[in-house]
Structures are given as C-alpha cells and as structure tokens.
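Using the sequences plus the hints, can you model the full thing?
The lines below spell out each chain.
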Amino acid sequence: MNKVLMSGNNIIAEAAIRAGCRFYAGYPITPQNELTEYMAEHMRNVEGGVFVQSESEIAAIHMIIGASATGARVMTSSSSPGISLKQEGISSMAACELPGVIVNIMRGGPGLGNIRPAQGDYFQATRGGGHGDYRTIVYGPATCQELADLTMNAFDLADLYRTPVMILADGMMGQMMEPVVFKKPKPRQYSEKFMLRGAGQGKSKFFRGLILDAIDMEEHNWKLERKYQVIIKKETLHEEYKTEDAELVIVAYGTAARIAKGAIKRLRENGMKVGLFRPITLWPFPELKLRALSKKVKNYLVFELSTGQMLDDVRLALQGYAAIDFHGRPGGVVPTPAELANVIARHYETID
Amino acid sequence: MAKKVFGRPESLKETYFHYCPGCGHSIAHRLVAEVIDELGIRGTTIGVPPAGCAVLAYNYFDIDMLEAQHGRGPATATGIKRALPDRIVFSYQGDGDLAAIGMAESFHAANRGENITVIFINNAVYGMTGGQMAPTTMLDQRTTTSPAGRNKILDGYPVKVSEIFSQLQGTTYVERVTVNSPASVNKTKKALKKAFQCQIDGLGFSLVEILSPCPTNWKMTSVASCKWIDEVMSKEFPLGVFKDNIAAVKKPAEAAS
Ligand SMILES: Cc1ncc(C[n+]2csc(CCOP(=O)(O)OP(=O)(O)O)c2C)c(N)n1
Ligand code: SF4
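So the sequence lines, in the order shown, correspond to chains A and B. Quick note: the first sequence, position 286, residue 278 per this note's numbering, numbers continuous. So the number in this note's numbering is just where the residue sits in the second sequence, counting from 1, plus 177.
Accuracy of the hints is not assured; some may be wrong.
Here are the computed lysine-lysine pairs in the BS3-like style, where the Cα-Cα straight-line distance is at most 25 Å [unchecked claim]:
| hint | chain 1 | residue 1 | chain 2 | residue 2 |
| --- | --- | --- | --- | --- |
| 1 | B | K370 | A | K197 |
| 2 | B | K367 | B | K329 |
| 3 | A | K195 | B | K190 |
| 4 | A | K219 | A | K281 |
| 5 | A | K253 | A | K197 |
| 6 | B | K337 | B | K396 |
| 7 | B | K370 | A | K195 |
| 8 | A | K185 | B | K190 |
| 9 | B | K396 | A | K197 |
| 10 | B | K428 | B | K404 |
| 11 | B | K366 | B | K190 |
| 12 | A | K219 | A | K(-5) |
| 13 | B | K428 | B | K370 |
| 14 | A | K234 | A | K178 |
| 15 | B | K366 | B | K412 |
These are calculated hints, taken from the structure and not from any lab test. Small disclaimer: the values here were computed from a predicted structure and weren't measured.
See below:
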C-alpha cells in the first residue's frame, strides 16, 4: 500500500468512501469544510454515491437517518455549533438503532466561540449529547493514520451495534497533514432485515423511536443498555507510552495527547520519569485499564484543551487511588510541547 | 356471486384508527392507501410519518415506514429517496410540523425539487399537543395559546403553504383540497393520485395541502367543523391547483429520452 500525504479532513472523507460510505450530507462550518468539499468532489465519481449540501446541520443528520434506514453507509460532519444542532438526530439514531458516522472537528466554544482547535465538546460527545438514555461510541484519534483507521472502524462498529459512532477530533487534526496508508476495508456485513426498502410482496415494517407504553419503553432502554455493556467490554481502546517506570502519567487524548507526547520526550531527556495514558475510545472510556495502572503509578496529570471534562472520567476511573491534577488550555489556545513540558516539570517536582 | 364494491385498502392494516370522530386524518389516510393500491406501489413505497396526531401512521399503513422527528420529515424523506431513487417516498405532515418547526426542511426539500410527495394536513391548530396556535391558525381564532384570538400584531399571519411553495422553482405540483364533503373527498383523492403519479414519472416535488377538520380542538361538532372549513377556513386558504408543471417538466424529459 502506498503512503499518501493528505490533510486530516480529507483523510476522514477518503477513508469513509473507501469504507463504503455512499451517503454524505453536511453544512459548511470551519474548520471542517475540506471534509464536506472532498465529499462533494468525490462522491459523484463513486457508484451510488450521494452528496447533499443540506440547509442546516439538523437537515443533514435527518437526511443520513433516512439513507441509513435504507441500508446505506452514511456520514455527516460538522464542528461544535453544528454538532449541537445534530443532537436531536443522534438521539433518534440511537433510539431507532440506525448506524451512521458523525464527525466533530471541534473548535473553541461555548456559543459561536472561535475556529481554533479545542476539546470543549467532550461532555457532549461522551454523555450522549442529545436527550434520553443512550450512549454514542466516540473515537478520539491523535494522528492522521488514526483518522484513517478509526474512520473505517467507525463504520464497522456502527453496523455491528446499529448505533451512531462519533469521530471527535479538533481543528488541528482536521487541518494537519501527515502521510497515511489506507488499510483494506473489511467486507460489509449488515442484514437486510434492518433495512427499509419497500415491503415488496412481503410484510411491511417500520422503524420508530416513539414507544408510548412505559413498560415497553423501559424494556427498550434496557435493551440498549445491554448493548452498551457489550461495547464497553469489547471495544475499549487506549495507548500507553512510557508508563512502565513512570512516576507521573499524563492523561490526554487527541491533539492534547500529541502535545503531551512531545513534552514527555523532552522531559525524559532530562531524566524525568513521565508517561502518557491516551484513551482512544472516549466512550467507552478505558476505565479499567487506567485503574489497573494506578496499582503502579500514583500521580496523574490530566491535560485537555478545555477547562476539565475528561478529568471527570479520570476521577471516576481512579476512584481516589491516586493523586490527580489538571492542566487545561480552553478557548482555542494550543500550547507547544515545550510550554507543556515546563508545566509538567514544575508539577513533577512537587510529587514525592 | 355478489360483487365486492367496497373494502379495506390493502395498504391499510386491519385495525382501528385512534383519531377523534370527525378527524380529517382518518379520511386522508384512507385516501392515501387507496391511491397507493390503485397505483400498484404498495411494495415500493416508503412513508415518513410526523410528530403530530399522525405519529402512529405506521400502525395503520401497511407499507414500510420510517418515523421522523418533529418537522424533519422532508429531510428524512430526502435521505431515503436519494439512496433509493426508484422507490416512492412520501412525508405526511401537520401544519406545526411543516410550517413551524420544519419549515426549513420542507422549504428546501421543495426548493431542491426532491422527487417526493408531501401530504400536508392543515387543521389550523397543533392537534396532538392540545390545540395550541399553529402557523396556520386564522386571525382571531381562539386556541389554548391564543386565548383572546390570534392577534396579527403579536402572532403574525396564517402561513399559506401552497401559495408559498408554488412560487419555488423546484416544485412541480401543488394543490390545496379539503375533505369536508363527499365531493371534496373525491377531489382530494384525485389530487393525491396526481401527486404520486408525478413522483412515479420522476417529475419532481409534489405537495397536497388538505384542509382538515379537528373537531376536538376547534371545540365544534363534526358537522360544524365541516361547515367552518367552507365558511371560514377556505376563505383564508382558497382551494385549487396552485401549480401544475407536470406537462412542462414532462416535455423536456420526453425529448431527452
Ligand atoms: C422537537 C419537538 N418539539 C415539540 C414536540 C411536541 N409536539 C408533538 S406534535 C406537535 C405539534 C403537532 O401539530 P401539527 O404538526 O399541526 O399536527 P397535528 O397534531 O395537528 O396533526 C408538537 C409541538 C416534539 N415532538 N418534538
Ligand atoms: S386532536 Fe384533532 S387532529 Fe388530532 S386526532 Fe383529534 S381531531 Fe384529529
């Protein structure tokens, strides 16, 4: 396989098409426009490919819902304010058990915020985001290669669990260029019984989220919950970097984890035993792996491009077994590895 | 042997409607089902019910259906139709659904000329949620959220969907009908058939607006509701064909083939 140099947004789009995505709807918003534009350019050259520039993010998510119900592999993308608008549809997809991939190239917020890279949508992504008792699988890629691989995986998981899957990246990941290799996509397995294609000569069927009877609705909630428990068991991913002998472990994901890695390399050169714990799935959060690590390592520094959101999950995972500190740069500020190294070094000196 | 002259359309399930007595939804459902039967498209049609009194339409229509969130029907239908261009796709919507929360989705699906059919039930109120003011509520009409009557200064004016949508270049067929008499029911059936045929022929967006009685929230008898449509509602919302571009769209299509 050849290595190609592409930007993050284009990589996600290309990986999606290679994974068999044949329906994309989106609405322009920076810093993810290249993804929408790539889809506009390339979907028309793919057999059965549909691109729609929708009138809003709301319309886009409901368009992919319609196409998903027919059995197409579907995707929409946006950035923070637009993802807020998609929540109604994401909740609906979870309820109706419709697969689909949603990409959030996060920017500074709240409100219109700015168009700089940020990680302020972690709560929204990992807690469901929309209304009701549901979860969304969330990937937090940290390299362009991961953007390619995880986008492809996202389609497989969406089908397997019939649930929406989110790629949570930020403006930095979307804009940055790195060489990638596109892996061979897995052949798709998705049963016709989950598709609405007209009743033909057979029995008609319908997909719906409305369940008026409370007992039936409760059962549906537990059915979804059982599925989420399987996902937690089977799909949790994380990376550990230089944790074997670490005195201090940085917990970070996505762009923040890249910066942390750069900082850790510098600190190691100065003899400081610092490692990285990087969740790759943000939901399910690699809770048990982090707790296991706390048997060895007793000091953690959570670093996020936010005021502290994943921090909650780290606290829940460590359950008071280890000391946790936090460093955050919200609002679109991206510190350099050298700056972060200084912060970590100061912190390192305070631990005993 | 006796000849069967009347029966349940095949596209309707063997069950009772939950609609109030005198409600226009029941008539509209039956007509849509009859048209689907007569056009022979039961097996290829996918319907999109709304949030509104017709939310349970999938319990009645014996065709494939995908529930939409409130107002999003035309976006959902766009997704289905673009993914399966040879299927017949319709969205069924109330006036709150189409002309308030879902105006953007409806307007733009129409403007893109999506080859779908929208069945628009205009009953001048939000039926399902208890008779609140709708975008189509008449001036001075009392509802639970316009207790003193709809006030044009505060609440604006009744939204005329057929008039507005017929102005969009993307629409092919737009007609406003009603179901308050046997003659108007027959007319509505013809309009629905024309709209579905328009889609079958690949000629673009069709919309049938049905002025539909809601005796419960109008706080009238069924008979008085039918009369109110004649005497009041259809004065504000005149019946008729607002756009019929079928012949014009057909010609270039035929010339091309
Ligand atoms: C996002 C959202 N907001 C509000 C509602 C509540 N709701 C359900 S149906 C409805 C209005 C229905 O009125 P209309 O569209 O006129 O249809 P009708 O019931 O009169 O047939 C509303 C407001 C909802 N389901 N979803
Ligand atoms: S409330 Fe009105 S629209 Fe709803 S079922 Fe009753 S009569 Fe029909």
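Verification of the supplied hints:
| no. | hint | in the structure |
| --- | --- | --- |
| 1 | K370/B to K197/A | holds, 24 Å |
| 2 | K367/B to K329/B | violated, 35 Å |
| 3 | K195/A to K190/B | holds, 11 Å |
| 4 | K219/A to K281/A | holds, 21 Å |
| 5 | K253/A to K197/A | violated, 51 Å |
| 6 | K337/B to K396/B | holds, 23 Å |
| 7 | K370/B to K195/A | holds, 24 Å |
| 8 | K185/A to K190/B | holds, 20 Å |
| 9 | K396/B to K197/A | violated, 36 Å |
| 10 | K428/B to K404/B | violated, 41 Å |
| 11 | K366/B to K190/B | holds, 19 Å |
| 12 | K219/A to K(-5)/A | violated, 37 Å |
| 13 | K428/B to K370/B | holds, 20 Å |
| 14 | K234/A to K178/A | violated, 32 Å |
| 15 | K366/B to K412/B | holds, 22 Å |
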